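Protein chains: 2
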Amino acid sequence: MENNAFYAQSGGVTSVINASAAGVIEAASKTKGIDAVLAGQNGILGALTEELIDTSQWETSAIESLKNTPAGAFGSCRYKLGSIETNHDQYKRLIEVFKAHSIRYFFYNGGGDSADTCLKVSKISNLMGYPIAAIHIPKTVDNDLPITDCSPGFGSVAKYVAVSLKEAILDVASMCKTSTKVFVMEVMGRHAGWIAAAGGLAENDDNPLPIVILFPEIAFDKTAFLSKVKHNIEIFGYCAVVVSEGVKQSNGEFLSDQGTSDAFGHAQLGGVAPVIANIINHELRVKYHWAVSDYLQRAARHIASKTDLEHSIAVGQAAVALALEGKNAVMPSIVRLSDEPYAWKIGVANLEEIANVEKKLPREFINKDGFGITDKAKKYMKPLITGEAYPTYTEGVPNYLFLNKDLVKKKLKNNFSPS
Amino acid sequence: MENNAFYAQSGGVTSVINASAAGVIEAASKTKGIDAVLAGQNGILGALTEELIDTSQWETSAIESLKNTPAGAFGSCRYKLGSIETNHDQYKRLIEVFKAHSIRYFFYNGGGDSADTCLKVSKISNLMGYPIAAIHIPKTVDNDLPITDCSPGFGSVAKYVAVSLKEAILDVASMCKTSTKVFVMEVMGRHAGWIAAAGGLAENDDNPLPIVILFPEIAFDKTAFLSKVKHNIEIFGYCAVVVSEGVKQSNGEFLSDQGTSDAFGHAQLGGVAPVIANIINHELRVKYHWAVSDYLQRAARHIASKTDLEHSIAVGQAAVALALEGKNAVMPSIVRLSDEPYAWKIGVANLEEIANVEKKLPREFINKDGFGITDKAKKYMKPLITGEAYPTYTEGVPNYLFLNKDLVKKKLKNNFSPS
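Protein sequences, first through last, are from chains Z and E.
Taking our numbering, the leading residue of the first sequence gets 1, the next gets one more, and so forth.
Taking our numbering, the leading residue of the second sequence gets 1001, the next gets one more, and so forth.
The shape of chain Z in the complex, shown without the other chains:
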């Protein structure tokens, strides 16, 4: 009888999530314990709909290329399994598909919501008497997973923000005499200010720069903010503002709320940069420019962090090792051994402690006035953005892999429509 593994990608993708996929596929190919890795087309949906991709259809070189290709090569999904009590059909279907394809290992690559899905799968396995080892593989640009020192995906988006902001600062510094004096950059991070904090890395220790950061952890104080920006313009001639999409007013409302929400019920945000820019324009009467990086920041494989890439591959490989050791409902984590020189190893975290827990930016990482980061934050983040890991290029653009995916022949007679 075969022992197959299921692997799927979940939630918002990153520039290095495919490197975790490559880690899983490579590690599995080197062990006799796993016969095939079947990837779910569009995350857990692929398991429900029996849309499975046999990853052995590709040469080793294609799997290697996955490490250099951003986003989710197998398709991701925003789909959270319902409670076990009220969604029996869904779970029954999952087990049917797993049985039909001899799937004994379940690898789910995602953030906090996905850890919850992974935990539910491990629970139904027990309840329904079909043994399956469910291992969660950490991934989120938001860096809000608990226990692990960092979340694979964060280091690269942090590097993108630090590099891009440093470049934009040089730009506005050039222009400020007769033109733009304030540059506003909106970054991701719905409830945690990790990505916004990375803006502080644009500044070298010996070269202070006028950077004002608006964190979701600190209620927006318009008066203090404008005073800080004005002060910077007086001293430097210009000011750069990094604003998290999740910045809230003191009443708890998002500064910019589009009024729509995603499948997890989270408010979908975007466009707080123009709100900040307009405030600056109305109150300070200076010329401004604003940018919203959106997907560009989390997909920017061309400027991915080498450390982050190595973490991502390692958690994929470790997931396979944990599964073969008989572990269940766990997640490989990143354990920091030393800041300088940076050293780390893989640890193991229980999913019960991971699922649905958000790790906010600690207050000690934010400086006194609430508009910048502390040395402690820099010490934490610097190793995570260190090192470059460039993709190869042809005619000026990266050789990213667009997989042609043949689906595994379905074995079940009935189809299933996920609600």
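These are calculated hints, taken from the structure and not from any lab test.
Because the structure is a prediction, the values reported are computed rather than measured.
Glycine included, C-beta positions come from ideal geometry on N, C-alpha and C.
Just so you know, not all the hints are guaranteed correct.
Facing chain Z, from chain E, some residues (calculated, C-beta under 8 Å) [what the hints assert, rightly or not]:
#1 1079
#2 1162
#3 1167
#4 1171
#5 1174
#6 1175
#7 1183
#8 1207
#9 1208
#10 1289
#11 1293
#12 1295
#13 1385
#14 1419
In silico lysine-lysine, BS3-like type, Cα no more than 27 Å apart, as pairs [as the list claims (entries may be wrong)]:
#15 E:1177 x Z:99
#16 E:1177 x Z:409
#17 E:1306 x E:1030
#18 E:1177 x Z:405
#19 E:1177 x Z:410
#20 E:1359 x Z:230
#21 Z:80 x Z:411
#22 E:1080 x Z:287
#23 E:1359 x E:1327
#24 E:1405 x Z:228
#25 E:1177 x Z:287
#26 Z:230 x Z:248
Position chain E relative to chain Z; hints supplied.
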């Protein structure tokens, strides 16, 4: 008696304009014809206010670092000299400053408006009987300078757009099953669609991608646009839209006009991406994301084009050579010798033919339906984005040069306040 040169940066900066500065400074240091290169602090303003920076204060290594540092190291300006007839004081002052600092050569690094300034300087030199060779050095991300095959600065922003869009496309392709189906990316290019056209380079010849480009040259046709986006979603599951900031309605009005204008009297734009996203949301009812790159695109030295960098250095060097040959009111241009393999040389263009002329994207570069680019456009642009020219990094961020600029001691007694 000394023979000094004046060099200044003008208008919107680019990721490689400092490489042209390095070209000028290096070439000047190798000839006996020029004693010192005095850079203007904030463009032509530095000449008017006698704020000059002696570039010999830095080691060769700093000048080399300029090639790897984006934006304008000496400060740029948006300031257009008035007509010679009505602004006599201004021109008299320029000549006074030039005389006081033995400036015989005037190198002005900018776009079409700056070429006009450069031409005026060459004219007053004759009118006021003080001989000065005025050479314009081409620079503009907009690629709208005539005569020259391309404008230094464009290749790098085009590469940024092609790479970033390719990455975002992989992202939205991963998410489209359950979430975002349309990604909108706003790019620069006030009146010419060159930068928007670069979005078409995200697609390889053998891998068609659902990219819809909105050019300033083509009036926005909402019905045709929505039908194109809808078609792409049906075929691919998702669609990427590249929208130029300068897209106009059929009545000639900008689709998004913030109502403010810069010092040249151009409308300042920004924020057309959310306008497009809202149209998509209202009419097609699909989930969207949007990005506005703004300064990030033109400052992105980390992903600069090697070809573009080489052009930029070469036009700086050539400007010095032209000046020493006794040329006046000219601009070194890029002359294309061959598409494949790409070959080019430096030519010479007369400023009379450059100043205030805008080169639009030719209609033959835009495909029939007006939403994409032709093979001819790809053949033209591909060499310009080819090659990577990475800066060095320390602790995850590029080693960009922040110059500490000591100003040359003023020689004139009177100060001058530019209007």
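Hints versus structure:
1. Satisfaction of the interface hint for residue 1079 of chain E is found here, the shortest Cβ-Cβ separation to chain Z being roughly 5 Å, below the 8 Å cut-off.
2. Residue-level restraint check for residue 1162 of chain E holds (minimum Cβ-Cβ distance to chain Z is 5 Å; threshold 8 Å).
3. Given hint, residue 1167 of chain E at the interface with chain Z, holds; its Cβ is 4 Å from that chain's nearest Cβ, closer than 8 Å.
4. Restraint check, residue 1171 of chain E versus chain Z: the minimum CB separation of about 4 Å is within 8 Å; hint holds.
5. Given hint, residue 1174 of chain E at the interface with chain Z, holds; its Cβ is 3 Å from that chain's nearest Cβ, closer than 8 Å.
6. Here the hint on residue 1175 of chain E is kept, as its CB sits about 6 Å from the closest CB of chain Z, short of 8 Å.
7. Here the hint on residue 1183 of chain E is kept, as its CB sits about 6 Å from the closest CB of chain Z, short of 8 Å.
8. Because the smallest distance between the Cβ of residue 1207 of chain E and any Cβ of chain Z comes to about 5 Å, under 8 Å, the interface hint for this residue holds.
9. Hint status for residue 1208 of chain E: violated, given a least beta-carbon distance of 10 Å to chain Z, over 8 Å.
10. Here the hint on residue 1289 of chain E is kept, as its CB sits about 5 Å from the closest CB of chain Z, short of 8 Å.
11. Interface restraint check: residue 1293 of chain E against chain Z, minimum CB-CB distance 6 Å, threshold 8 Å, status holds.
12. Because the closest C-beta pair between residue 1295 of chain E and chain Z is about 4 Å apart, less than 8 Å, the hint holds.
13. The interface hint given for residue 1385 of chain E is met, as the beta carbon of that residue sits about 3 Å from the closest beta carbon of chain Z, less than 8 Å.
14. Checking residue 1419 of chain E against chain Z by beta carbon gives a least distance of about 12 Å; that is not within 8 Å, so the hint is violated.
15. Annotation: proposed proximity of residue 1177 of chain E to residue 99 of chain Z holds, straight-line Cα distance about 25 Å (limit 27 Å).
16. At most 27 Å may separate the alpha-carbon atoms for a hinted pair to count; residue 1177 of chain E and residue 409 of chain Z meet this at roughly 21 Å.
17. For the hint pairing residue 1306 of chain E with residue 1030 of chain E, the CA-to-CA distance comes to about 24 Å; that is within 27 Å, so the pair holds.
18. Between residue 1177 of chain E and residue 405 of chain Z, the direct Cα distance comes to roughly 15 Å. Compliance with the 27 Å bound is thereby established for this hinted pair.
19. In summary, the hint linking residue 1177 of chain E to residue 410 of chain Z is supported, as the alpha carbons are separated by about 20 Å, within the 27 Å threshold.
20. In summary, the hint linking residue 1359 of chain E to residue 230 of chain Z is not supported, as the alpha carbons are separated by about 39 Å, beyond the 27 Å threshold.
21. Proposed proximity of residue 80 of chain Z and residue 411 of chain Z is supported: the alpha carbons are some 25 Å apart, at most 27 Å.
22. A hinted pair counts as satisfied when its Cα atoms are at most 27 Å apart, and residue 1080 of chain E with residue 287 of chain Z qualifies at roughly 18 Å.
23. The suggested pairing of residue 1359 of chain E with residue 1327 of chain E holds, with an alpha-carbon distance near 24 Å, which does not exceed 27 Å.
24. The straight-line distance between the Cα atoms of residue 1405 of chain E and residue 228 of chain Z is roughly 26 Å, inside the 27 Å bound, and the hint therefore holds.
25. Restraint check: the Cα-Cα separation between residue 1177 of chain E and residue 287 of chain Z comes to about 41 Å, which exceeds 27 Å; the hinted pair is violated.
26. In summary, the hint linking residue 230 of chain Z to residue 248 of chain Z is supported, as the alpha carbons are separated by about 21 Å, within the 27 Å threshold.
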